[in-house]
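A.B. asks: With chain A's structure known, arrange chains B and C on it following the hints.
Here is how the chains run, residue by residue.
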Amino acid sequence: MTYLRLENLHRDFGTVKALNGINIDVGEGEFLSLLGPSGCGKTTALRLVAGFDRPNAGRIIVDGKDVTNVSPNKRDMGMVFQAYSLFPNMTARQNVEFGLRIRGKHRSERGSKAGDLLELVGLGHAGDRFPHQLSGGMQQRVALARALAIEPRVLLLDEPLSALDAKVRVQLREEIRRIQLELGITTLYVTHDQEEALAISDHVAVMYGGVIEQMGSPAEMYTTPATPFVAEFIGTMNRLEARVVDPATGEVEHAGLRLHVDAARQRSAGERVLVLIRPESLEIQAAGGDANGGVDGNVFRGEVITQTFLGPVTRVKVVGGELALTADMSTARAAALPIGSSVVARVPSGDLRLLSLPEDGMASVGVDPDAE
Amino acid sequence: MAPSAYLWLGLAAIYFILPLYATLAFSLKKNVAGAPCCTLANYSWVIHNSDFWHTIKVSFVLAIETIVISLILFVPTIYWVHLKLPRLRPVIAFLALIPFVVPPIVMVVGLLRVFQGTPHWFYGEPWGFLAAAYVILAFPYMFFSLDAGFRAIDVHTLTEASQSLGASWPTTLVKVILPNIRAAALAGSFLALAIVMGEFTIANLAAFHTFPIFLQYVNESAGFPAGALTLLSFMITWAAMGSLLLVGRRRGGRGAMIAGTR
Amino acid sequence: MADESRFVTLASNAAAPQALRPDVTSGRRRLPLAWLATVPFFAYTIAFLFLPAGSVLIGAFQDNENKATFANIRLLFHHPYIDAYRTSIEISLVTAVLGAVFGLLIAYAAIRDGTPKFIRSGLTTFAGVAANFGGIPLAFAWIATLGPLGVVTTWLRRAGWDPTEHGFQLFSKTGVELVYMYFQLPLMILVIAPAIDGLRKEWREAASNLGAKQWQFWRYVGIPVLMPSLLGAVILLFGNAFAAYATAYSLTSGTVNIVPVLIGAYYTGNVLDNPHLAQALAFGMFVVLAVMMLLYIPLQRRAARWAK
Chain A
235 MTYLRLENLH RDFGTVKALN GINIDVGEGE FLSLLGPSGC GKTTALRLVA GFDRPNAGRI
295 IVDGKDVTNV SPNKRDMGMV FQAYSLFPNM TARQNVEFGL RIRGKHRSER GSKAGDLLEL
355 VGLGHAGDRF PHQLSGGMQQ RVALARALAI EPRVLLLDEP LSALDAKVRV QLREEIRRIQ
415 LELGITTLYV THDQEEALAI SDHVAVMYGG VIEQMGSPAE MYTTPATPFV AEFIGTMNRL
475 EARVVDPATG EVEHAGLRLH VDAARQRSAG ERVLVLIRPE SLEIQAAGGD ANGGVDGNVF
535 RGEVITQTFL GPVTRVKVVG GELALTADMS TARAAALPIG SSVVARVPSG DLRLLSLPED
595 GMASVGVDPD AE
Chain B
3 MAPSAYLWLG LAAIYFILPL YATLAFSLKK NVAGAPCCTL ANYSWVIHNS DFWHTIKVSF
63 VLAIETIVIS LILFVPTIYW VHLKLPRLRP VIAFLALIPF VVPPIVMVVG LLRVFQGTPH
123 WFYGEPWGFL AAAYVILAFP YMFFSLDAGF RAIDVHTLTE ASQSLGASWP TTLVKVILPN
183 IRAAALAGSF LALAIVMGEF TIANLAAFHT FPIFLQYVNE SAGFPAGALT LLSFMITWAA
243 MGSLLLVGRR RGGRGAMIAG TR
Chain C
155 MADESRFVTL ASNAAAPQAL RPDVTSGRRR LPLAWLATVP FFAYTIAFLF LPAGSVLIGA
215 FQDNENKATF ANIRLLFHHP YIDAYRTSIE ISLVTAVLGA VFGLLIAYAA IRDGTPKFIR
275 SGLTTFAGVA ANFGGIPLAF AWIATLGPLG VVTTWLRRAG WDPTEHGFQL FSKTGVELVY
335 MYFQLPLMIL VIAPAIDGLR KEWREAASNL GAKQWQFWRY VGIPVLMPSL LGAVILLFGN
395 AFAAYATAYS LTSGTVNIVP VLIGAYYTGN VLDNPHLAQA LAFGMFVVLA VMMLLYIPLQ
455 RRAARWAK
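Protein chains in written order, with my numbering: chain A, 235 to 606; chain B, 3 to 264; chain C, 155 to 462.
FYI, nobody ran anything at the bench for these hints, they're computed from the structure.
What you are looking at is a predicted structure, and each value in this text was computed from that prediction instead of being measured.
Worth double-checking, as some hints may not be accurate.
Some but not every residue of chain B turned toward chain C, in silico, with C-beta under 7 Å [as the list claims (entries may be wrong)]:
1. I58
2. M109
3. L113
4. Q118
5. I138
6. A196
7. L234
8. F236
No more than 30 Å apart at the CA atoms, straight line, and that leaves these computed lysine-lysine pairs for DSS-like [as the list claims (entries may be wrong)]:
9. K355/C - K347/A
10. K271/C - K355/C
11. K271/C - K347/A
12. K299/A - K271/C
Where is the CB? At the ideal position from N, CA and C, for every residue including glycine.
Next up, chain A with everything else stripped away, as it sits in the complex:
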């Protein structure tokens, strides 16, 4: 059941269309992330929901009521900002109590509620500290407690973890999710970190250029990206521009090499497509025998040219002729295939995805998903 609806939102700044017709439904108790690079419009959308900005067109509906023209202090939403939002002249506890104080709650009630929430975010002992005495992570926890204190209908978070250290980020995002599940609050979360969004959300909406590229569960976004942008933005993906040769056999041609792609059977001959291969789908083995960069079914021969240690997983780059592929494997296995080894890469025809490409357009949208 939809609790929060963004209906056909448009927001222009002069000639720039920051939001170009956004439609999002968030179910009650659902955690939805708006994911995208800087300038895609995700923060603009969030601020419209919060009421700090008005749309040029479209509506925002909460629990069946149109709040588009309601001022922000009456929308009953809790917002966690990216940074610097704690009131510097108040202690953590006073910050958390602020919303309750405005609502005229009694001192004892405020105190006990604030105490509970500070405990919930793990800061029961730090209530009397001032913001400048708290670390970045602690400040954001207080900000979360403060937003939750008013028991909002909707929780909004604007890249709350961007300004924090990597380790704190991972820790805190799990806590945010845990608390959200415990309280069952409908949540809208904005981030540019795709790993973060995929890790904690019920649904993800990938945005680019003011529109939603794709919306779905994290698994859907990962395994079946719907557009080249999403394919590039989410995770790492091998992308091969190809042309369909024979739909009957699912054969496509890329840079002189032939591949078999099950999904190509639904396409017409001559159609331009983008072949997507996830690094973990590639099976790499040491080559036995000759090492030319030839192709045999979905078997590629090549040479390991780089290895990137990522902890439990090592990312290996294999080059054979015109083809360069990125493959992920366990670090133990990668140790057996040092740089310079001749290898064979295999990928089942069913593990390859296809996306349509315009006849003259570029496959890449110039976004580096690994850039922070």
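C.D. replies: Just chains B and C now, kept in the frame of chain A:
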């Protein structure tokens, strides 16, 4: 724009502009009561008044003298402090606040007493007594400007590089350091200019004839020409501050500071 | 010029990108030599700042035979001297508080969201220039506005309301206060603008998001955060007005009874014939200003801490 913003900005505009308009109106009035506007006779009176030129010259030369002495005194000192005696900097910064506690009216009392017996070329001449006092008046503004300028450059590296190339201290100071703090020095100088051109208190109590003294004399004796004169003196202050802002903006300097001619 | 710039370029290029470090010299012998270079500066300030200031301090406690006495200081507590202090303090307090309040309102109006940027920079520019108005020209400008033959006075008279009949007099304490605002307001604007900038947008939005109305934000967050800067500004404005001489002197031809004018009277009008009394008056000013200074410094530190 918020309605209350219109209100306050509007009121501010009226308050600040009215006196300026009134001065202009007065400066263009004929010396006969009730006569219709307008005449440039008052401006003519000012331009043809020898005292006007004399006192402007005195004040201007005084300003230049003050600036020169200030620069010669403060630039090497602040440079040296930044380079070798960083612990002294807070001391000097504190000293720069003293003139706030010892304003001109208090300072002149002490100055007149201490230097009473000194020879006439110092005590009786503006180039001596007044300039000496004005350097102190300009000191805080000079200090904050120069200090900001020195903080913006890497004094150590420039000095060491210059010395490694064989330059002596004076050469380093003049050819390497000075060009790099030029904007700060100019800013401080324009402030000093504004201060000296408008300083009345010390000049009045010590009985020297500077431009502000002349202004006051005209105010007391000749009403309408005073308007023209006042406007001209505004122009001078604005020109100084305008140059200051231009210099500051070009080098991205700090905002204009407040000198005192109250 | 070309010679200069060549040298600068050479030096800058030769400069290795090393970390900044204080000049570490070997042994103690070097230190005294380094201090030597600051002698001219200290000698100058001693001669022309400390000596005069000291002489005022000492002279305040001497009589005409240079014997130590409290007589002059005691005299300060009698008429008309105590009145002069009272008037001085009153004018300074009034213009400081009013200057702070209205300066804040004007500065905020110029800086807040919604106001075009050019208004803010225009106001700051004007304030920078106007804070240096003062003294004789300013006095005349106001005489031309609200004096007996002033432009505004004439307008009001033509409209049927004669200010002088209703007790308004420019050459009075009230007039001085009105005129002082002309340099107090710009000073306030320049001083408080950075503090207003320091009011983060996130605080406003967070407060609004949590249900606060405009005035509640100001009451619970805005004003408390600004308070150290506000108090510091009031003190600054107080000192500024307290020490002012030229404007009041010119405006009232030396008739308003404030301390600086009283001191000036000794030197210009031979009204006082006891130099030590003038010095005592100056000493009294010094004490008031020193107290202000002692209040100001910790406030500045407080304000800086919250600006983080």
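A.B. asks: Within 30 Å, alpha carbon to alpha carbon, are K299/A and K271/C?
C.D. replies: violated, 37 Å
A.B. asks: Going straight from one Cα to the other, do K355/C and K347/A come out at no more than 30 Å?
C.D. replies: With a Cα-Cα distance of about 27 Å, the restraint between K355/C and K347/A holds, given a limit of 30 Å.
A.B. asks: Double-check I138/B for me: the hint is only fine if its C-beta lies closer than 7 Å to a C-beta in chain C.
C.D. replies: holds, 5 Å
A.B. asks: Per the CB criterion, is M109/B less than 7 Å away from chain C?
C.D. replies: holds, 6 Å
A.B. asks: Would the hint on Q118/B stand, with a C-beta cut-off of 7 Å toward chain C?
C.D. replies: Nearest chain C Cβ about 10 Å off; hint violated.
A.B. asks: Regarding the pair K271/C and K355/C, is the alpha-carbon distance no greater than 30 Å?
C.D. replies: Cα-Cα ~16 Å, so holds.
A.B. asks: For the hint on A196/B, does the least C-beta distance to chain C fall short of 7 Å?
C.D. replies: holds, 5 Å
A.B. asks: Mind checking the alpha carbons of K271/C and K347/A for me, to see if they're no more than 30 Å apart?
C.D. replies: violated, 43 Å
A.B. asks: Given L234/B as an interface hint, is its Cβ closer than 7 Å to any Cβ of chain C?
C.D. replies: Since the shortest Cβ distance to chain C is 9 Å, the answer is violated.
A.B. asks: Against chain C, run the beta carbon of L113/B and see if the smallest gap drops under 7 Å.
C.D. replies: holds, 5 Å
A.B. asks: With chain C as the partner, please determine if F236/B meets the hint condition of a C-beta pair closer than 7 Å.
C.D. replies: holds, 6 Å
A.B. asks: Regarding the hint that I58/B lies at the interface with chain C, is the smallest CB-CB distance below 7 Å?
C.D. replies: violated, 14 Å
In this structure, the hints that do not hold are numbers 1, 4, 7, 11 and 12, in rising order.
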